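K.L.:
Below, each chain spelled out in residue letters.
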Amino acid sequence: MTDRMPRRLTLEPGWRGMVGDLASDQRAFKKVPWSKVMMWAFLVSDVFIFACFLVGYMMARIASSAPWPNASEVFALDVAGRQVPLLLIAIMTFILISSSGTMALAVKCGYERRRFATGGLLIATALLGTIFVGMQAFEWTKLIHEGVRPWSNPWGAEQFGAAFFLITGFHGTHVSVGVLFLVVMAIKVLRGSLQAGRPGFLTGRRGRYEMVETLGLYWHFVDLVWVFIFAFFYLW
Amino acid sequence: MAQGEGQQHAIGIYLRVWFLLFVLSAFSYLVDVVGFEGYLKWFLITLFMLLKAGLIVSVFMHLVWERLALICAVLVPPGVLLFLMLLMAIEGQHVLSSRLAVVLP
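Same order as they appear, the protein sequences are chains A and B. Here full-length UniProt numbering is used: the first residue of the first sequence is 1, the next is one more, and so on. Here full-length UniProt numbering is used: the first residue of the second sequence is 1, the next is one more, and so on.
Think of the hints as simulated: they come from the structure by calculation, not from any bench. Since the structure is predicted, the reported quantities are computational estimates derived from the model, not experimental observations. Careful, some of the hints might be misleading.
Said to hold, decoys possible - In silico SDA-like pairs for lysine to any residue, Cα to Cα no more than 25 Å straight-line:
(1) A/Lys142 x A/Asp78
(2) A/Lys31 x B/Ala10
(3) B/Lys41 x A/Ala80
(4) A/Lys142 x A/Ala80
(5) B/Lys41 x B/Glu91
(6) A/Lys31 x B/Ile11
(7) A/Lys31 x B/Glu66
(8) A/Lys31 x B/Leu70
Unchecked claim - Computed beta-carbon distance windows for the label pairs:
(9) B/Trp42 x A/Val184: 34 to 44 Å
(10) A/Gly20 x B/Val34: 43 to 53 Å
(11) B/Leu40 x A/Gly197: 52 to 62 Å
(12) B/Ile11 x A/Arg206: 21 to 31 Å
(13) A/Pro154 x B/Ala26: 48 to 58 Å
(14) A/Glu146 x B/Phe19: 32 to 42 Å
Note that the Cβ used here is the ideal one computed from N, Cα and C, for glycine as well.
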């Protein structure tokens with residue numbers, strides 16, 4: 001569909017271009033396939049969900065008269081008899097950023113039609129995502145053993161547990177779903193479905209390498225949300 | 001756009017952004033390790049967070065190369081959330097002060 005769009009058409013840049021785009025016929029978002037616009041629309045709605053959680057956490061933390069547990073101590077790991085603050089969280093952050101990097105390279109290789117490089121990078125991204133979820137499961141187990149519950153914890157304000165489980169749980173769910181889609185996409189790429197434009201089994205849409213970029217948007221968004229969670233929940 | 005299709009950019013910019021994200025993450029982790037307190041800590045955390053978010057959204061998600069109509073459609077609605085944040089912070093302070101008023105004389 002996008003291939004038949006007149007590409008030589010000169011589009012005005014800047015604010016005048018935006019007014020022209022929004023006032024134009026049929027499509028407001030030029031030079032972007034509709035699937036990508038839809039992914040952006042989904043991500044903006046997801047931003048609102050995570051923002052509601054984070055703002056709710058902020059308000060619970062401000063309004064709580066009990067002291068808020070010190071995340072630096074709560075999430076410390078015991079390494080060779082020494083408490084290292086936030087060690088696991090830092091490693092998780094680096095792993096998620098690495099997965100974002102491999103995803104960006106996968107998108108690039110996809111547009112260059114390098115099938116095996118794209119598939120390999122997608123699998124690497126999925127593996128890093130799996131490691132991230134595994135470490136999160138470890139962290140949850142550790143905290144639950146230490147007595148953290150959504151309604152109570154040994155260190156202070158009760159809302160700590162509720163905010164922790166809700167926010168990291170929702171983010172972990174996003175990562176898990178992303179891993180599933182990465183595996184599906186890697187299979188599609190490796191068997192050449194995108195190259196051949198083969199229709200998908202569920203939606204019947206023809207395969208295109210833009211699909212990798214659209215999935216990449218989702219994956220980078222998951223990384224983006226973690227940036228905010230890391231800052232507001234773990235470091236603040 | 002080399003082949004007139006999709007978003008194609010030099011590999012260098014991805015690798016540079018990747019490296020920068022590592023450095024910025026290390027910095028924000030160091031804020032905690034070094035043990036800064038108060039406004040300096042909050043300022044540094046927010047600064048590194050916004051820089052990282054900006055790099056991811058602009059380069060990894062290709063937003064800097066999109067047209068302004070899409071950029072505004074993506075960034076303006078979440079920007080309004082700052083207003084919600086402000087309102088809820090004020091509300092939270094009010095709740096805290098009314099809770100403390102019951103306890104304190």
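K.L.:
Given the proposed pairing of A/Lys142 with A/Asp78, does the C-alpha separation stay at or below 25 Å?
P.N.:
holds, 12 Å
K.L.:
Against the 25 Å threshold, does the CA-CA distance of A/Lys31 and B/Glu66 hold or violate the hint?
P.N.:
Holds, because 8 Å separates the two Cα atoms, which is no more than 25 Å.
K.L.:
For the range 21 to 31 Å, tell me whether the beta carbons of B/Ile11 and A/Arg206 fit it or not.
P.N.:
holds, 28 Å
K.L.:
Between A/Lys31 and B/Ala10, does the CA-CA distance stay at or below 25 Å?
P.N.:
It holds: about 19 Å lies between the C-alpha atoms, which stays within 25 Å.
K.L.:
Are the Cα atoms of A/Lys31 and B/Leu70 separated by 25 Å or less?
P.N.:
holds, 10 Å
K.L.:
For the pair supplied as a hint, A/Lys142 and A/Ala80, is the alpha-carbon distance within the 25 Å limit?
P.N.:
holds, 18 Å
K.L.:
Hint check: A/Lys31 vs B/Ile11, CA-CA at most 25 Å. Holds or violated?
P.N.:
holds, 22 Å
K.L.:
With 43 to 53 Å as the target window, see if A/Gly20 and B/Val34 comply at their CB atoms.
P.N.:
holds, 50 Å
K.L.:
Given the hint of 48 to 58 Å, check if A/Pro154 and B/Ala26 actually sit that far apart at their C-beta atoms.
P.N.:
violated, 31 Å
K.L.:
Could you say whether the range 34 to 44 Å given as a hint is met by the Cβ separation of B/Trp42 and A/Val184?
P.N.:
Check passed, 41 Å falls within 34 to 44 Å.
K.L.:
Holds or violated: the 52 to 62 Å window for the beta-carbon distance between B/Leu40 and A/Gly197?
P.N.:
Check passed, 55 Å falls within 52 to 62 Å.
K.L.:
What's the verdict on B/Lys41 and B/Glu91, does the C-alpha distance respect the 25 Å limit or exceed it?
P.N.:
holds, 24 Å
Figure legend: structure checked against the earlier numbered hints; hints not met, in rising order: 3, 13.
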